[in-house]
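Novice: Spelled out, the chains give:
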Amino acid sequence: EAGVAQSPRYKIIEKRQSVAFWCNPISGHATLYWYQQILGQGPKLLIQFQNNGVVDDSQLPKDRFSAERLKGVDSTLKIQPAKLEDSAVYLCASSLVLGSAGNTIYFGEGSWLTVV
Amino acid sequence: AQSVTQPDIHITVSEGASLELRCNYSYGATPYLFWYVQSPGQGLQLLLKYFSGDTLVQGIKGFEAEFKRSQSSFNLRKPSVHWSDAAEYFCAVATGTYKYIFGTGTRLKVLA
Numbered sequence: 047e048a049g050v051a052q053s054p055r056y057k058i059i060e061k062r063q064s065v066a067f068w069c070n071p072i073s074g075h076a077t078l079y080w081y082q083q084i085l086g087q088g089p090k091l092l093i094q095f096q097n098n099g100v101v102d103d104s105q106l107p108k109d110r111f112s113a114e115r116l117k118g119v120d121s122t123l124k125i126q127p128a129k130l131e132d133s134a135v136y137l138c139a140s141s142l143v144l145g146s147a148g149n150t151i152y153f154g155e156g157s158w159l160t161v162v
Numbered sequence: 008a009q010s011v012t013q014p015d016i017h018i019t020v021s022e023g024a025s026l027e028l029r030c031n032y033s034y035g036a037t038p039y040l041f042w043y044v045q046s047p048g049q050g051l052q053l054l055l056k057y058f059s060g061d062t063l064v065q066g067i068k069g070f071e072a073e074f075k076r077s078q079s080s081f082n083l084r085k086p087s088v089h090w091s092d093a094a095e096y097f098c099a100v101a102t103g104t105y106k107y108i109f110g111t112g113t114r115l116k117v118l119a
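As given, the protein sequences belong to chains Z and A, one line each in that order.
Heads up: the first sequence is residues 47 to 162, going by the numbering used here.
Heads up: the second sequence is residues 8 to 119, going by the numbering used here.
None of these hints come from the bench; they were simulated from the model.
Each residue gets a CB set at the ideal place from its N, CA and C atoms; glycine is no exception.
Don't take each hint at face value.
Among the chain Z residues that face chain A by a calculated CB cut under 8 Å, a handful are [as the list claims (entries may be wrong)]:
| hint | residue |
| --- | --- |
| 1 | D102 |
| 2 | I151 |
| 3 | G154 |
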């Protein structure tokens, strides 16, 4: 079974530029998550989708970050304009359904962003 | 507010020695608890999880964890560490709104 796919794996941009990350979850997984992991910290949830609807985006900096999951499968996370403090690993994850806190979340390998 | 604390930022053990990584959580209801491992440049891989029932849970790669409600702890253990276990380990709790909250991680170094 294929895992969660993310691209690009690495990206270096200048501050005030824009960047987009793509995620393809495990087939059949209705719930998709984007996490931000800053070096030395644990992952922090940015946004959570159930199919193509947003369940939780309370920690998404909406003035610069946006995410969409138009057909309930793939998702794109965009940052515009980027700031130095956005340097982090952006982890996409998926799980079968929302409705059980015990659902296992499966993570992709992450997209590493450096803002200079 | 829900939170997860991993008191040890770094731990160094010799290969073959036993290992215990500490995790304390703060959550008002019955917690769903997880341990993930992250190797350099990789995503997070699930080691084990606790939902209910037996408080000692077995995971992959020879890891186990014990849920102790009275201590609000979910410590990860391995009887004999291998060099390939060097990685960062994250404890997480899932809340009633199905949000995972992660600790800050413990980086494990294994000496040959």
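Novice: Taking the hints in turn, state whether each one holds.
Specialist: Against the structure, the hints come out as follows:
Given the 8 Å rule on beta carbons, the hint for D102 (chain Z) holds: about 6 Å separates it from the nearest Cβ of chain A. Contact between I151 (chain Z) and chain A, as hinted, is supported at the beta carbon level, the nearest pair being about 6 Å apart and thus within 8 Å. At a threshold of 8 Å, the smallest CB-CB gap from G154 (chain Z) to chain A is about 5 Å, leaving the interface hint in force.
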